[in-house]
Structure formats: structure tokens, C-alpha cells
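Take the given structure of chain A and dock chain B to it, following the hints.
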Amino acid sequence: GAGVSQSPSNKVTEKGKDVELRCDPISGHTALYWYRQSLGQGLEFLIYFQGNSAPDKSGLPSDRFSAERTGGSVSTLTIQRTQQEDSAVYLCASSPRDTDYEQYFGPGTRLTVT
Amino acid sequence: AQSVTQLDSHVSVSEGTPVLLRCNYSSSYSPSLFWYVQHPNKGLQLLLKYTSAATLVKGINGFEAEFKKSETSFHLTKPSAHMSDAAEYFCVVSEPPGGSYIPTFGRGTSLIVHP
Numbered sequence: 055g056a057g058v059s060q061s062p063s064n065k066v067t068e069k070g071k072d073v074e075l076r077c078d079p080i081s082g083h084t085a086l087y088w089y090r091q092s093l094g095q096g097l098e099f100l101i102y103f104q105g106n107s108a109p110d111k112s113g114l115p116s117d118r119f120s121a122e123r124t125g126g127s128v129s130t131l132t133i134q135r136t137q138q139e140d141s142a143v144y145l146c147a148s149s150p151r152d153t154d155y156e157q158y159f160g161p162g163t164r165l166t167v168t
Numbered sequence: 078a079q080s081v082t083q084l085d086s087h088v089s090v091s092e093g094t095p096v097l098l099r100c101n102y103s104s105s106y107s108p109s110l111f112w113y114v115q116h117p118n119k120g121l122q123l124l125l126k127y128t129s130a131a132t133l134v135k136g137i138n139g140f141e142a143e144f145k146k147s148e149t150s151f152h153l154t155k156p157s158a159h160m161s162d163a164a165e166y167f168c169v170v171s172e173p174p175g176g177s178y179i180p181t182f183g184r185g186t187s188l189i190v191h192p
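In order, the protein sequence lines correspond to chains A and B. All the letters of the first sequence, read from the start, carry residue numbers 55 to 168 under this note's numbering. All the letters of the second sequence, read from the start, carry residue numbers 78 to 192 under this note's numbering.
Pulled out of the complex, with its shape left as it was, chain B reads as follows:
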């Protein structure tokens, strides 16, 4: 069975400082991994995805994530936070056919950006 753990429920940063949102996963297969962002009262939007190609994945709005199989991690980073980055972020794992076809969502990390 697959699972995903977002290690922080809240992360608070100052504008212009780096962002790190941590995600660990568990899967019996070679999973696909995703990060989604949800701004207040909005639907979820895909930030980036890993599907067994390059381990360093670049997404929208300057975000990137690195797939580390040895650490079963897929942490999301951004060099410099903007006020507009304040939102809820979800890490998602899904398995290929043969595994669980229902994506598993983490509980979310709320990113707070201070001026």
C-alpha cells in the first residue's frame, strides 16, 4: 500500500527567503509523485510531477522538487518566497497499474509568508 507524509502542517517564512516543504512517501512500486497548490477558496493546481524521468523536477512559479529514492523523499523547494506563494500545498503519490490506482494525498502544509 502507498502512503505519503507531509512532515510539517505549517511552514512560516519571510518574503525573499527560501522555502522547504517536506514530503516522504512509501510505495511498493516505482510511484509517480506530485505537488499541488491550493490557494484560499480555489481548486487544486498542479505545481510539478515526477514520473521516473529526471529526479530534479522543475515546476511552475519557480518551485522545484527532487526525488530521492534512497530517502523516499520528494521535498518541494523555492529559492525565494513571494507573498503570492501563501497557500496550502499537497504532496501526492500514485502507483502504476498493478498498484493502487487511487492517488494518496498528504494532509497538506500551509505556507505562511511574512512581509
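Extracted from the complex, chain A is given alone in its bound form:
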């Protein structure tokens, strides 16, 4: 079946612009995670959605970052007024349940802020 997809695969934007990153999870997966991976670094947790519950936003680095998940499926991560330090690969993962099940990762969106 189809895996997790993310779009765009690459995004180059100017400092100060807003960007939207999209994640399509595997159908039926109730949990969805966003992570950020900077060059040579591990994964930094950003936000977690589980079903219809309120998302866990504890990893968002600033109020310029926000995310939503519509209809329990597609998710959009929005970064407002982008800064150069936002440059990274943004990874989305979905899971059929909570943490007892493995996560299925998308290929990521590489964001470059110039």
C-alpha cells in the first residue's frame, strides 16, 4: 500500500516568508508526528497528533511554528516569517496506534531559507 508522502520534497524560500509543508499519512493511522532534522543531527520532535485529541505541541521551537491535521488525516506544518535557522529536513511519521507500534516515515521535505 501507499506509504507516508510529503510535499514538497524540496522548498527554497526567502527569509521572512511563510511556508507550508504537507504530510499524507498512511490511511487508518491515528497517530501522526512531525520532526525536524538539522544537518548531522538527530531528530527533534515538534508536534504529535493522536486521533481527535488535542495535539501535543510541546516540541514546537517558537510561536512561528504551527500545525493542523484535518479530518484525522492530512497534516500541514506552517512556519511563519522563516529564519535561516529553520533550514532543515522536516520529517513526518504516522503510526497505527500510540508508541507501542513502529512509526512509518515519509521521505521528508528539505527546507532551505536563504
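FYI, nobody ran anything at the bench for these hints, they're computed from the structure. Just to be clear, a hint being listed does not mean it is correct.
Subject to a maximum C-alpha distance of 25 Å in a straight line, what follows is the list of computed DMTMM-like cross-link-like pairs (lysine to aspartate or glutamate) [claimed, not checked]:
(1) B:K145 with A:D78
(2) A:K65 with B:E141
(3) A:K69 with A:E139
(4) A:K69 with A:E122
(5) B:K135 with B:D162
(6) B:K119 with B:E148
(7) B:K119 with A:D78
(8) B:K126 with B:E143
(9) B:K145 with B:D85
(10) B:K119 with A:E98
(11) A:K71 with A:E98
(12) B:K135 with B:E148
(13) B:K119 with A:D117
(14) B:K126 with A:E98
(15) B:K146 with B:E92
(16) A:K69 with A:D117
(17) B:K119 with B:E141
(18) B:K126 with B:D162
Because the structure is a prediction, the values reported are computed rather than measured.
Structure of chain B alone, referenced to chain A:
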């Protein structure tokens, strides 16, 4: 709170020799443990997982890991490295409901395989 430590940032081996990637964890619960692999410019792929069944877990591509509760370790091994194994490897810990439901990733170990 849970945590995970990958003891080596880089591991270099020759093709055909054994691979050992070390991971130690900390958790107040009986955690689930995972190893993921990330090839250059690719997303993460699950190698194997431990979820309180057999302590020796076999994964894809000949990798296996042993859960040792007394040592709080979950080291990843492979008897014979291939060039295609060169990648970044992440050890991950997650706790059952009641604990932290956000998986914690190690900082990664870069596996370098020499011909």
C-alpha cells in the same frame, strides 16, 4: 522520563567484518525499543523492534539486537557488514500508556563501511 544514548557517533568497519552499534536507554516503565536506519537523502526505515517478547530480536538485512534489562542496553549487531549498510542508525525508546508517548531518538550513529 525516558532517554536514550547512542555511545558512538561514528563506527567504521571493513566490509565482511562484524558490526556493533551501541545503545543504552533509561525508562521508568517497560519500554519498547526500536532501531531505524536512514540512508543518505532518504526517510527512516524500521530495522527491528523490541516490545517485551523475545529479548533477541531479528530484523531486516541480517541485523539483530538483544534487549538486556540488567544493562539497560539494546545494541545492534550484524555478523558481516556490506557496503550497502553504510547509513545513519537511530536507536529509539518509547514508553507504554502512562509514560511518555513521545518516542525519544538517540543522536544517531553513522556507520562507515570500507571496501
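Quick rundown of the hints versus the structure:
| no. | hint | in the structure |
| --- | --- | --- |
| 1 | B:K145 with A:D78 | violated (37 Å) |
| 2 | A:K65 with B:E141 | violated (37 Å) |
| 3 | A:K69 with A:E139 | holds (10 Å) |
| 4 | A:K69 with A:E122 | holds (23 Å) |
| 5 | B:K135 with B:D162 | holds (16 Å) |
| 6 | B:K119 with B:E148 | violated (32 Å) |
| 7 | B:K119 with A:D78 | holds (17 Å) |
| 8 | B:K126 with B:E143 | holds (10 Å) |
| 9 | B:K145 with B:D85 | holds (18 Å) |
| 10 | B:K119 with A:E98 | holds (17 Å) |
| 11 | A:K71 with A:E98 | holds (22 Å) |
| 12 | B:K135 with B:E148 | holds (19 Å) |
| 13 | B:K119 with A:D117 | violated (29 Å) |
| 14 | B:K126 with A:E98 | holds (21 Å) |
| 15 | B:K146 with B:E92 | violated (31 Å) |
| 16 | A:K69 with A:D117 | holds (16 Å) |
| 17 | B:K119 with B:E141 | holds (22 Å) |
| 18 | B:K126 with B:D162 | holds (18 Å) |
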